[in-house]
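S.K.: Residue numbers (the working numbering), protein chains in the order written: chain X, 755 to 1056; chain V, 61 to 415.
A hint or two may mislead.
Derived contacts from chain X toward chain V, CB cut-off under 10 angstroms, selection only [claimed, not checked]:
id : residue
1  : 951
2  : 953
3  : 958
4  : 960
5  : 971
Here are some, though not all, of the chain X residues that point toward chain V, as calculated from beta-carbon distances under 8 angstroms [stated by the list, open to error]:
id : residue
6  : 956
7  : 967
8  : 972
9  : 975
Calculated directly from the structure, the hints in this document are not laboratory data.
Just so you know, even glycine gets a beta-carbon here, dropped at the ideal spot from N, CA and C.
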Amino acid sequence: MSTGETKEARRDARNTWLLSAPALIILTLAAAGPLLIMLVYSFLEPGKYGNVVWEFSTGAWVSTVLTRDIFDGTYHLADAHLTIFWRSVKLSLITTIFTFIVGFPTAWFIATRSARARTALLFLITIPFWTNLLIRTFAINQIIRNEGMLNTFLLYLGVIDEPILIIYSDFAVFLGMTYVYLPLMVLPLFAAIDRFDMRLIEAAYDLYASRLQVLRRVILPIVKPGIIAGSILVFIPALGAYVTPRILGGGRNMMIGNFIELQFGQGRNWPLGAALSVLLLMIVAIALMFYVRAANRDAPHG
Amino acid sequence: MPADAVIEARAARKVFRTGQQTVVALNDVSIAIRKGEFFTLLGPSGCGKTTLLRLIAGFETPSSGQILLNGNDITDAPPNLRPVNTVFQSYALFPHLTVRQNVGFGLQMQGVAASEITDKVKRALSLVRLEDLADRKPQQLSGGQQQRVALARALAPSPEVLLLDEPLSALDLKLRKEMQSELKRLQHELGITFIFVTHDQEEALTMSDRIGVMSKGSLLQIGAPREIYNHPVNRFVADFIGETNLIPAEVRNAKATIVRNVSIPVDPASPEGAHTLAVRPEHVRIVPVSGDVPLTAKVGESVYFGTDSHIQLLLADGTEIIARHQNEATGGEVPPPGTEVGVAFAPGAVQVLED
Chain X
755 MSTGETKEAR
765 RDARNTWLLS
775 APALIILTLA
785 AAGPLLIMLV
795 YSFLEPGKYG
805 NVVWEFSTGA
815 WVSTVLTRDI
825 FDGTYHLADA
835 HLTIFWRSVK
845 LSLITTIFTF
855 IVGFPTAWFI
865 ATRSARARTA
875 LLFLITIPFW
885 TNLLIRTFAI
895 NQIIRNEGML
905 NTFLLYLGVI
915 DEPILIIYSD
925 FAVFLGMTYV
935 YLPLMVLPLF
945 AAIDRFDMRL
955 IEAAYDLYAS
965 RLQVLRRVIL
975 PIVKPGIIAG
985 SILVFIPALG
995 AYVTPRILGG
1005 GRNMMIGNFI
1015 ELQFGQGRNW
1025 PLGAALSVLL
1035 LMIVAIALMF
1045 YVRAANRDAP
1055 HG
Chain V
61 MPADAVIEAR
71 AARKVFRTGQ
81 QTVVALNDVS
91 IAIRKGEFFT
101 LLGPSGCGKT
111 TLLRLIAGFE
121 TPSSGQILLN
131 GNDITDAPPN
141 LRPVNTVFQS
151 YALFPHLTVR
161 QNVGFGLQMQ
171 GVAASEITDK
181 VKRALSLVRL
191 EDLADRKPQQ
201 LSGGQQQRVA
211 LARALAPSPE
221 VLLLDEPLSA
231 LDLKLRKEMQ
241 SELKRLQHEL
251 GITFIFVTHD
261 QEEALTMSDR
271 IGVMSKGSLL
281 QIGAPREIYN
291 HPVNRFVADF
301 IGETNLIPAE
311 VRNAKATIVR
321 NVSIPVDPAS
331 PEGAHTLAVR
341 PEHVRIVPVS
351 GDVPLTAKVG
361 ESVYFGTDSH
371 IQLLLADGTE
381 IIARHQNEAT
391 GGEVPPPGTE
401 VGVAFAPGAV
411 QVLED
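Start from the sequences and build out the full structure, keeping to the hints where you can.
M.R.: Dropping the structure here:
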């Protein structure tokens, strides 16, 4: 009896592994494999015309944050690199916060509509996904560039005398990213608010909570999982954004994504590009760890 | 206004609009609830009792009319500014807070000092005997325990009036009985005015000082349980509270004619004309057929209920009435179906209804 059971358990375990094997193989090849290649490349010497020379070196890692003075050979902080890192983190954070500020009322509005209206509104939220990101970003470009719709309209109205310079600035990148990532904030927030028991609002209101207290003490803590999910879904792709800063930020307002691309292209420094990629991954992982830990601090234990 | 009224509704009216339809949920209801009483709003679902409760709590504002608290108009005051707390039918406990934090929520929102909150929460939890579970989350509690937390949470800020919206409807019978006496005990101990909403007439009769019976947005009768049970004003109240035999009759000169030539005496103050008589089944007596007993009936089915038996009786014109007999008194014996028996009503038990 017991041997039969163990045999059966063993067979179950084997079947489980066999059934998951295709997924595991794909994950290994598609996710872990490239990462490993990146990690290895980051410790090699750059080739003269791109590619790598198979020679161990920590040069790429050093030059992610330090730059060597070509005259006296001393090392200084690489201001240009740090500016790019800082801009990436700052813009991603602002984008996350702003998508939350705009997305929360939107998600609340949708979640409190009738079942039919809700389906229609959610459908509308997903419409931007039907169009290629590149095209959407160019559309934003068309609106905000100096001779674009916005400036033409304002000039025509006489509100302004000369075009407002929005395009090719950090603000333009922020605007574009907010537009692109807003649905990713709205959808998880909607899911969380949809599960929220609206009767709790009355209960809190009945127990002397003001409107602001109802929001802060009851609604926000309970929909927190949705806020966390939405923030992660916005912050991570924003940090690695490539298309939006390229098209709306121009050449000067680079983010990490563009900087990495530069190393594999004109820069011909693959190891530096690889090191930067791994660094980006680490920044994201650390940010996530902090975030999840902060979020779980007052979550239910056990 | 009655001097001892803590809550008063004056011609409170509430109309809900859904698309083209308008529903009058509350039709000019006026009521004065006395300080310290256990008042029950009783009626079937959709009768407006919960709407009235929500007007008192402040979740809704009346379409017209006023709500007064201690003589002050609070019609437009938001719920957080009313010293009135609610025990919700769904309990509505905060899932992200522990039992202790749930109970302390109201005090915290009122800005009470932390040490005082600790004391009051402790006292509220001991009132409902939940001190041991103070650090649990609501979802780790049983339905009955959640019910107690909801009660403690509403009581902790010492409201002037406690509103209870069918709080026992989700509990099983045994627990419900337990909570009924628990609620009664609490109300007695704390002296807080309880306004209790239920559709369960037995619950209303056993717990209340006074009952307001509602139907279709109107308040039909207000009175002590005994008064409402023994002297229902109309057909609806008679039928809704307890079981009642309704017998069509012609009333004239303090006599009600039931079947051909059979009249029984009724209260001289009763309205005259074609009316319905209400007689409680326990007031229907089965007696041997004799010349002294004008009313006869044929025995139908009987149902045995343990403590008593219900015996169906068919009058000559086909009207069906039920007699309830204590089995202890009769030894559980019931007359066999088809027997011709005499029927008598206990003195003063026949009530002429207005409609």
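S.K.: For each hint, tell me whether it holds in the structure or not.
M.R.: For each hint, the structure was consulted:
Of the supplied interface hints, the one on residue 951 of chain X holds, with its beta-carbon coming within about 7 angstroms of a beta-carbon of chain V, less than 10 angstroms. A hinted interface residue such as residue 953 of chain X counts as satisfied when its beta carbon comes closer than 10 angstroms to some beta carbon of chain V; here the least separation is about 5 angstroms, so the hint holds. Hint on residue 958 of chain X holds. Least Cβ distance to chain V is approximately 7 angstroms, under the 10 angstroms limit. Because the beta carbon of residue 960 of chain X sits about 5 angstroms from the nearest beta carbon in chain V, less than 10 angstroms, this interface hint is met.
Here the hint on residue 971 of chain X is kept, as its CB sits about 8 angstroms from the closest CB of chain V, short of 10 angstroms. At about 6 angstroms, the closest approach between the beta carbon of residue 956 of chain X and any beta carbon in chain V falls short of 8 angstroms, and the interface hint on this residue holds. Hint on residue 967 of chain X holds. Least Cβ distance to chain V is approximately 6 angstroms, under the 8 angstroms limit. A cut of 8 angstroms between beta carbons decides the hint on residue 972 of chain X: the least distance to chain V is about 6 angstroms, and the hint holds.
Nearest Cβ of chain V to the Cβ of residue 975 of chain X: about 5 angstroms, under the 8 angstroms cut. The hint holds.
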